Each structure stands twice: as structure tokens, then as C-alpha cells.
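Using the sequences and the hints, build the whole thing.
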Amino acid sequence: MRAAAGLPELVVSAEGQLSIWRKDPYPPNVIESSISQQSDVAESITTMAIYIPCSPEKAVEPVILNISSTGYYLDVIGQILGLSDANMVLISRTIGKASSETRFYFAAPKSYPLDMSSDLLNAKVVPFGGPLNAKASSLCGQDIYGDSILASIGYTWKGQDIFHEDVTLQSYYRMLISKIPSGVYKLSREAILAAELPLTFTTKTNWKGSFPREILSSFCRQYRLLEPVFCVSSIPLKASSELSRSNNKPEVSESAEQEREYANENESVDVDPKLVVLGSSFTCEVKIYSKCQDLILECAPNVLYKKQNDAVQSASLKVLSWLNAYLKDIYTSLEKEKQLANVFDIKFYRQIFFKEVVKCLSVCNCQHNETLGGKEPELNGVVENDASYINIEGADSGLCPSNGSLLCVCYSVSLVTKGELQKELLESIEEFEFEMGTGAVIPCLEAVVSQMSVGQSACFYTELPPEDLVLAAAKDLANALAFLTSQPPEDRMEQALFNPPLSKQRVEYAVQHIKEFCATSLVDFGCGSGSLLESLLEYPTSLETIAGVDISQKSLSRAAKVLHSKLVMKSDFDAPCRSIKSAILFDGSITDFDSRLCGFDLATCLEVIEHMEEEQASLFGDIVLSSFRPRILIVSTPNYEYNVVLQKSNLTSHEDDPEEKIQSQSCKFRNHDHKFEWTREQFQHWASELAVRHKYRVEFSGVGGAVDLEPGFASQIAVFRRVFLPEDDDGLKDENSVCQYKVIWEWNSRPPLTN
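Counted the way the numbering used here counts, the sequence shown spans residues 1035 to 1789.
For the record, the hints were derived by calculation from the structure and aren't laboratory data.
Predicted model only: the values in this text are computed from it and were never measured.
Glycine is no exception: its CB is placed at the ideal position from the N, C-alpha and C atoms.
Among the hints, a few may not be true.
Listed next, the in silico DSSO-like pairs over lysine-lysine satisfying Cα-Cα at most 27 angstroms (straight line) [to be verified]:
hint, residue 1, residue 2
1, Lys-1381, Lys-1325
2, Lys-1509, Lys-1538
3, Lys-1588, Lys-1457
4, Lys-1325, Lys-1340
5, Lys-1729, Lys-1549
6, Lys-1372, Lys-1389
7, Lys-1242, Lys-1362
8, Lys-1615, Lys-1600
9, Lys-1538, Lys-1600
10, Lys-1321, Lys-1092
11, Lys-1192, Lys-1242
12, Lys-1057, Lys-1192
13, Lys-1538, Lys-1709
14, Lys-1509, Lys-1588
15, Lys-1321, Lys-1372
16, Lys-1588, Lys-1709
17, Lys-1341, Lys-1242
18, Lys-1709, Lys-1092
19, Lys-1092, Lys-1615
20, Lys-1372, Lys-1325
21, Lys-1389, Lys-1362
22, Lys-1325, Lys-1389
Here are the simulated distance ranges between beta carbons [stated by the list, open to error]:
hint, residue 1, residue 2, range
23, Ser-1616, Ile-1463, 39 to 45 angstroms
24, Gly-1193, Asn-1121, 20 to 26 angstroms
25, Tyr-1106, Ser-1439, 57 to 63 angstroms
Set out below in C-alpha cells:
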């Protein structure tokens, strides 16, 4: 800003604003070139990003950045942040590797009192203003204020095309755990829930995953510190000294020659190759400096190693182990702090260490320590075996593992409920090697394996690990999040009792009607995360246009990601979804009318109305049949009478007290979010009245069960068919344009129209 003030003939800056712009417009040739480049871009860009709210009470959510071919990505980000102008978006430095374009985007303050003094050294530090975003700041390593967007998008150096790649919730949680050394090791092994950073470095052969020195260097880069410095000392034996005194040239063994090559290849390792002689032993000292070259910590283990590499790796592991233990409880007493430093031969400079590392990590550390019920596992060290209900199967072969042996196991980790009625796979590996007795896996796993022999299998239960580890490892993040809620979602209970699951049976029911009526357009009211629309893409149908409406932006974001990935990648000529020409998702209430969805061939509303109040469900029925007027409407809702089978309980007697009946009924609903659940009589009464009022015929059916067996279908369905009249078509064509929904995502395979 000071420089801009000295160039009034070239640029303009406004007092109190963090923006500079050209005084003169761009030359015509530059503008024409820009327009020409934009016209060459035919398709819009859709990419996933992460919305990180400032409030710690609010959850981190995925968002979709949908950028038109002529749009500017910062305008889209600014709109999500509630800004009217892209020049009010501040951009952080890059996150992760140097070539990354992953950054945080957040709002600049409306006014910013700048100190325009020419005395830079004595300039006053002006507070930024606004609440600090602790979650974003911990990842970025710089202060982020207000709500923010984490995205990987932008123009690379001298590049004309915009670069973009998805940033998912899972990648966010993986970034989070990588702030701690043990997290870096877990990620290197792709065993987030099973692996732990080993306590000791035995041999290069037995070590699996990233080596300690690599992890330590990665940690320093994460916190923008200088690369660690390794000072290796070689201590020759008496035999080498006698050879030197006899003026004979010392004999260098093959292993010593390898040590010299290692020193030459690793410039940050300070060692004199001349001292590497037959029988030498090595020690290594590690020092870490800040960018300002202030010494932060040093580690000087008083241990001798036969190989230089072992000395370097072991010293690195000492530092990493201390970092894990210390950062787990940064506010420990000074006495414990000194004891911990002595155990790992660490000398650190507290004030500089807090400034460079702890300030950035404290928030991340707090999140890492949160658990979803159950105690937090130790980051390092041997703890008591917390495995329970161990069941070992198979004959005892007599070959049992011992400390120092290298094992290969096959394992899987799943979330389960009591009784194993519901199960969600998180992580599985066919061949996982680790060294026994080094703490290379979580303690409960090592304790169970120590009781087994070769060829046996075991199943055991343990407490939940921290939430960030679960979500970083989960194969299906949406399912894992749903599983971790206080009450499992309705479809999980149904999935355990029906084959195929009710959700798939409902999809097949819809597909049957699509084929029967040769429907070319379908709208799903209350589409949620797009499970129905996604499933329809797996079937060959006549559909050309699909649309979805929901009030949850979080669910719509997931739906957009799934649909976009499947529709964009449908290169196979035989792909079932090849007939789809356009798809669109709207943010809005299904009790509001929007003329853009008027007159579709088929409309669905599956397992939605029970999440509304009964008055709202009736309003939806009136709106959809009187205004949207689809040819076919399919509505499904749980059959309350079938809960006897699902929950193995008795229905409330009609002679019971009304208040007690309501309380008993509410606790028997299939989902805690259901506002009501209707019996067959109640549902048929509701649907029949709607059909008569709006000139539709209605038929009743269902899935999960049988019509002639009590208590009927688990999921009851009403199919409304419009009584087709010529004047109805005219009315649809003349419908006034009403646009109350907001477009969240849109895809079109048709080429753009040109003049």
C-alpha cells in the first residue's frame, strides 16, 4: 500500500481498503484476447471445496464451486462467504507441498486502519479485527479470520487455464492429522487406525512406511521451519587408531564405503567421511532452527550405532517421539516437561518453540483429543490392553510371534453397534507388515496378536479412536458420519432386515414406472444427498432430464459431487446413464412452487414427508398436484404398523390415555427426526383426498413385505396418475414464470447454442 501511494500515475488505492487497481483501463488488444480465450471454453467448472465456519460449534461441511465458462472463481467463493465483490476475498499462502494450489479464502475487513508510516521497523501492528477462525488457522499456520473456504483452484504461473482439483472432507481430516508426526506416519502406511509411529528404530529392513528422518523433515516443512540439521560423529576403535600410527592407510570396509556414500548423498548430515573406518561407531545430534535461524530444539542421544544411517534415523525418531508426547499435553507442568525432555535427550527453547510450533498446533491438538465416547488412545508408549471380547479361532500351530519378529497380518476395522446389528467398514488391508515389540501398531492390536499363532484369526472390540482419525480413514465418509450419530439412520435398520435393502427396492419400483410410461424427465422432491438420482444412473432408462430439490445445502453438495463424477465420466458408449442430457439440483422447500419443474413426466418423493409436520405434508401434496402437475407422482412413507416387526414391540392400544399414546408412539418411530408415521388407513385417506381434489387417480402398493400379509408393506407407496385433459396441457404451457429455488449445480451434455 505504501508502494501504491508512490505510484499515483499507475495505480489507485482507497484509504482503509486492502485493494489496489489500475488507473487506466486495459488496452483493447488485451481485452479482445481475454474474450477470445473465454469463448473457447465450452464447459463450466465444478469442483469440491470445504467450508470451515469460524464458530467452533458449527461443523465443517463440503461445498460445490460451480464456475461458469465466463465466470471468475473468486466471485463464486465470495458469494459463498456472503461478499458482493471478489476483491473483498483474502487468500492465504498455499497449504502442503510447494506446487499445491490449496489455499484458504476468507473475507477482508470492511475497513482496515493502515499505518502508512515510512518507518517500517517501528510501524505499529494494527489488529486485524473480527473473530479468529481457529480450525483454519491451525491448518494454515497463519491467522485466518471469519468463515473460510478451503479450495484447490487458481491460475498457475504463466498458465492460461484454471487449475482445480477436489478438496474433500476426508482430505481435510487427513490434513488435520498430518500436523502431528504420528499422523504423518499413519498416512504413509495407509493404516490410519492400526499403525502407530514405532518407539525404536531397529533395522532399515524391518522399518515400514516413511523413515523417521523423512517424517521429521516433513514436520519442519509443515511449520515452515528450516530443514533439520544432523551432526554425525564417528568414533573409531583402537584398531583403527593403531593403523593410523603405523602410517598405513586405514582399510575401509564395504559397509564403511556405503556410509561415506550416504554422507555424500545427504547434504544436511554433517560428517567427515575420513573418519569412517572399519569398526567405527556413530552418534548423531539433531538441531532444528526457525526461518530466522533461531535454535528451537536439539537432541543429542548418548547412544552408539554401528551404522551412520541407524544413528540418524534413531535420533530423528527420538525427536518425533518427544514431539508426539509433548504436543499431546502442551500445558503440562514445568516439572513434567523437564522429565519428558530428559527421557528423550531433548533440549528445547520454550519461548521460540511455542511461537513457531505450539501456536499453530494448539487448536489441532484440541480437536485430536476429542473422542466420540471412550478413552483416547496413547500416541506412544505401551498402555494397558483395552481390547475386549477377544475371540480367537483356528488351530494353534505352535508358531507364536516374539519381540523383534516381522509379522504380516490381514485386518479390517469397522464401526459396530452393540449386538453387531449395524456395521460400517472403515479400513482394511490384505497384507500389513510390522515388527513386534516396537509399538508399530496400536497397543490393543499388538496385545491380541501376541496371543495368537500363525494361521489363526481373531475378532475383538475396542474403544472408539478420536473422531478425526475415524473420518480420515473412513472408506465412505457420509456413512461413517451417519453411523456416529446418536441414533442410526432408518435405512441402516432396514438394510439389516431386508435383502435387497428397502432403499434399493424403492429405486427399482421407480425404474419400473419410468419404463412403463417411457418417462423422459424426472424430479425428486426431497432428494437429500442424491441417493435415488445416483442409483437411477445405474439403470438403462428413457430419462433425458433429472432434477432434485432439497433444503439441505450439505446434502446437495454431496449429491452434486456424486452426479457430476458419474455424468462427466460416462465415456463408455454402453453406460446405462448415457441417455441423460441434463441434470440440475435446486436449493428450496418442496412446499414452494417453481415453474422450472412444472409438467415433468415423473416426480418422486420417497421417505420424505414423515420428516415434515403433517400440515406441511398436506401442503406439499396440494402444491405438487395443483401446480407442478407431473404425469406420475410416487410418494412413499414408512408404514407405522410394520414397526412391530422392525422393533419387536406392540402397538399402543387405542384405549390407552391419549398423552401416553403420543409419548409411546414417538419413541417407536424408526428415526428420531420423524415428525409422524402413518398407518395404512391414515396414508390412504391422505392420498385419496388429494387425488380427488386435483383430478388424479391413485393406487397403493409398497416394498418390503406383502399386501396380503399383516402388517402389510414396510414402506407404503401411493402412485398418483394425472387424469389427462387437453385443457391441463394448455394450462401448463401458460404457467407464469415463478423461480423460488436457487440453482446449486447444473450439468448439460448438449453443446452450447451458437448464432
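Unsatisfied constraints (hint numbers, rising) = Failing hints, ascending: 4, 10, 11, 19.
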